[in-house]
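There are 4 protein chains.
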Amino acid sequence: MDLQAILNTIFDEMQGQSDRGAVADYIPELAQVSPTHFAMSICTADGQSYHVGETAVPFSIQSVSKVFTLALALGRLGDQLWTRVGREPSGLAFNSMVQLEHENGIPRNPFINAGALVVTDAILARNAPREVLGEILRFVRQAAGDDDIHINHRVAKSEQATGHRNLALAHFMRAHGNMHNAPELSCGVYFHQCAIEMSTRQLAQAGRFLMGGHAPSRLLSPARVRRINALMMTCGHYDGSGDFAFRVGLPGKSGVGGGILVIAPGRASIAVWSPGLDAQGNSRLGTVAVERLAQATRWSVFG
Amino acid sequence: MDLQAILNTIFDEMQGQSDRGAVADYIPELAQVSPTHFAMSICTADGQSYHVGETAVPFSIQSVSKVFTLALALGRLGDQLWTRVGREPSGLAFNSMVQLEHENGIPRNPFINAGALVVTDAILARNAPREVLGEILRFVRQAAGDDDIHINHRVAKSEQATGHRNLALAHFMRAHGNMHNAPELSCGVYFHQCAIEMSTRQLAQAGRFLMGGHAPSRLLSPARVRRINALMMTCGHYDGSGDFAFRVGLPGKSGVGGGILVIAPGRASIAVWSPGLDAQGNSRLGTVAVERLAQATRWSVFG
Amino acid sequence: MDLQAILNTIFDEMQGQSDRGAVADYIPELAQVSPTHFAMSICTADGQSYHVGETAVPFSIQSVSKVFTLALALGRLGDQLWTRVGREPSGLAFNSMVQLEHENGIPRNPFINAGALVVTDAILARNAPREVLGEILRFVRQAAGDDDIHINHRVAKSEQATGHRNLALAHFMRAHGNMHNAPELSCGVYFHQCAIEMSTRQLAQAGRFLMGGHAPSRLLSPARVRRINALMMTCGHYDGSGDFAFRVGLPGKSGVGGGILVIAPGRASIAVWSPGLDAQGNSRLGTVAVERLAQATRWSVFG
Amino acid sequence: MDLQAILNTIFDEMQGQSDRGAVADYIPELAQVSPTHFAMSICTADGQSYHVGETAVPFSIQSVSKVFTLALALGRLGDQLWTRVGREPSGLAFNSMVQLEHENGIPRNPFINAGALVVTDAILARNAPREVLGEILRFVRQAAGDDDIHINHRVAKSEQATGHRNLALAHFMRAHGNMHNAPELSCGVYFHQCAIEMSTRQLAQAGRFLMGGHAPSRLLSPARVRRINALMMTCGHYDGSGDFAFRVGLPGKSGVGGGILVIAPGRASIAVWSPGLDAQGNSRLGTVAVERLAQATRWSVFG
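From first to last, the protein sequence lines are chains A, B, C and D. In our numbering, each residue carries its 1-based index in the first sequence increased by 1277. In our numbering, each residue carries its 1-based index in the second sequence increased by 1277. In our numbering, each residue carries its 1-based index in the third sequence increased by 1277. In our numbering, each residue carries its 1-based index in the fourth sequence increased by 1277.
Wrong hints could be hidden among the right ones.
As the list claims (entries may be wrong) - Here's a subset of chain D near chain A, in silico, CB distances under 8 Å, partners left out: (1) P1335; (2) R1353; (3) Q1357; (4) S1373; (5) M1374; (6) V1375; (7) E1378; (8) L1444; (9) F1449; (10) R1451; (11) A1452; (12) Q1557.
Think of the hints as simulated: they come from the structure by calculation, not from any bench. Positions of the beta carbon are idealized from the N, C-alpha and C atoms, including for glycine.
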């Protein structure tokens, strides 16, 4: 199977696509990104890498960061994390209040905003936000094997200024006793983790610890790797998760910066970036690109 | 890997379990079933079978039937079915009205009751209910390679007498134009398909067409097989689907009769039966049993 | 105070109104009614009557009938009715399922469709629908002091053919044990009570038993009269009830036929008819007309 | 009609009541109040006053303050206030997020917490919180004709420390552009207005401007008085408003401190205080007491 040829074909098809969705506009820094960017990188289990497009351009990983903080939290806290956050698809938009209200401030899963805030709050514990951010960054750099990964502080500031919906979620969970730090602190760390910038090269490398297979990662136990993949499959694309599973058949996590991290268990870690989003807030072309890849490689976990 | 030994170990563990959940009590016939039954059958891709427990005792497959009618509907109608039913987890109980009301009578997925009613209504088209029931039964028998599969008409009658919630769903969708036959007719067929009885031997055999892999089924194209598996993964256990994916890592579909059909893509079709249910309406011991099987075999699709 | 002059002024103003709302179109018979009709009648506590417009033309009273069946049910069953239906505004549309689902099949109040179905089911008890319909009609005729009030059977048939949403509500409540007769029977009676036709002359007369004051009605005790008025104030206009109370300040009950019955306690019974509806399903001009009347007469109960 | 005798009878009956509900416990200062307190005061349109119980003991007026800030906001901003807050019962608990989410951050009415926060935010405009608080206090003192009315700063501090749910509402509305000041500022003013303490004597006097009738208030126009009364009738007791209208038949506004302000339009302003609350957060005995008063006086607005 010639993965480079497959990537090239996908790249050509994507160049011709006119319906690229809309770039996230709720923070100025993201709104300025051109929808014409496209990049895709694959790291395979045998150590090879394949790339097409602007794979060295860093973009804002946004909610893809939730995968790394979940891994970090599970490594540190273990299964007690699940007393504070569920493992079910929410059936609702990524920033919905409704479910929280009906379920006593316990978010449905760690990949909706409320759940990710709980995970970050759990990592934060009583530590200084600056230290915890350093730890998150170290984890991502270690996973990627690359120290040239940074937080864009302008983006983080921007999110802080407009992040009232996340602050609302955090205060609401605080009212239910499920936010242990001051909402401003946990949200502050969260806004900064979302502002981490990576290229698809870096992101595909950073995803290798979720490949599983014969070479278990030192970052996380095989059982936890499987579970994070399961959560990415059922909850990784908000209320578009079912459709992603249906079309692509691989676990993945998207971010409103237009990036998606996709895992082909035992085979590959894949990163794609195209900034235009669909109605559910997932990269429109990115989804199409991994759908094509899954068809061409037959990497679907579903047979 | 000695699958029989694994099954025997699981069987022994299950015998010792005291917390078996509660048998479904909303229809008298199901309420009379003893919670002590247990059976598990595996059909592997290489044509072998493994069994433990009461694997020849027929039980009411109930919602597991939704997998067969979905396959039948996709084979007959193709992708136009998806204009009438979605592919997303609902995040709500199996018989919820709320989502339908907010989304104009389009059920979230084919495995919640409303969605299964749409699928049955689509198969029914303008044909006679009796004929369509015959067709469903033929499909199941053909999949199982066994003609000794029947509908329990007492169970079907019982469901009809108590099925007001399903009739409410059907009338509601009819009001939105998404139920093409009289609600009584579509519900009638649905109640009968749910009353099909199979043993785990028969059910494991009937599930083989969803294994995919090297020997594609004549019943359904490989692409559709993958998609049904994806739907079973994200939506097969109602609002316990995320947890099943997290714990088991395999696509599956449960029924309130206590049966679960589980697919290990490329490897095996698995049927388990234990009548006691958990709070979400899924077989409690059945879930534990396939969790053990997945751990022992490392068949999780997630690495 | 010259009530006739006030009515004439209102009539003139209404003639000039171009934004009359949309006539209900969900049943053909109602859709054919011209939006240009307008009629308004007042019966005062001192036995006088005042009329303007087409006050002798019968129209479909639709949900205004819920006032009469509630009075009938309270007279027959007393306060035990309140175990099956609440007394709170629903905050939702008139035919919503959501509240029912969250509150175990107990409708919020007797003026949303679900609640009115429970009231009709309670009157029906185990009697023949035809007899019960006769009784409802006798109650309305007695209240109006006019035997020339009839059911439009074409309208009733029409509603039966398109009434799937009401059947859904009834089946849903039956599933919760809060519908004692077969849903088809209770819905059948309900569709017929809604199809009663009255002119504003007849409706204003029929509303006199709710005026209270010095000459108590033989149809209902003063305490029950007050309570029905309270329910009309808080729940009589679906999710437009708050706005009606705010603008008009009098208890009233609307129907999708464009009629509204309004009570000025101790002073008058008022009926208005204009078939065009606003977004909440209440007569647009009818509401404006009673708002003008309340301003001119200072009949608001709120000072 | 001997109002003092009526009050005495009510007092005696209330003394014998054992089921007094539970005192609000979400802030320590309120939790310490004894449930045995009871006081009731009436100011009539002819300038008389009637009192029974501990009518000189100040209590925390909490949400009763929403009536005064609404009057103040309407006086200052006029009807443009209604672009930011609705006039419909919410059908939900006083601090619900669900409705806000479905309706773009526009609260249903000014008497649920979200709506009151918008009203306070509107009064705050760009002014200093301290000045605005002074203005609110001046309005209340002027209404009561009594300068000895103060804010309990310990209570306000306590609310600030535990007010995460209100902060969540405020941030959520800020995200929708319906909170013009920083959430901390508007909530700060709100927590202080809720911490105003008044006796029933003072509260009944302060409510006189809502009596309407022959001696119009200088504080608010008769039309606005009617509208505030209408809102108190449909929304003044959260999701117990329908029941209060049904049982009492008078507009009223309750607070979790156990106070209720009730208006008999044209006749009287009534204040009652009993700290024990029912499930909806309204004073249990206070409601019973005004129900008895309405029965004895026949002051119901409903005939």
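Hint check results:
Checking D:P1335 against chain A: minimum C-beta separation of about 28 Å lies over 8 Å; hint violated. With a cut of 8 Å, the hint placing D:R1353 at the interface with chain A is violated, because the nearest CB-to-CB distance is about 26 Å. Because the closest C-beta pair between D:Q1357 and chain A is about 23 Å apart, greater than 8 Å, the hint is violated. Checking D:S1373 against chain A: minimum C-beta separation of about 7 Å stays under 8 Å; hint holds.
Proximity of D:M1374 to chain A holds as hinted, the smallest CB-CB distance being about 4 Å (cut-off 8 Å). Using the Cβ-Cβ criterion of 8 Å, the hint placing D:V1375 at the interface with chain A is satisfied: the shortest such distance is roughly 5 Å. Because the smallest distance between the Cβ of D:E1378 and any Cβ of chain A comes to about 5 Å, under 8 Å, the interface hint for this residue holds. With a least beta-carbon distance of about 4 Å to chain A, the hint placing D:L1444 at the interface is held under the 8 Å criterion.
Of the supplied interface hints, the one on D:F1449 holds, with its beta-carbon coming within about 4 Å of a beta-carbon of chain A, less than 8 Å. Look at D:R1451: its Cβ gets to within about 4 Å of chain A, closer than 8 Å, so that hint holds up. A cut of 8 Å between beta carbons decides the hint on D:A1452: the least distance to chain A is about 4 Å, and the hint holds. About 17 Å separates the beta-carbon of D:Q1557 from the nearest beta-carbon of chain A, more than 8 Å, and the hint is not met.
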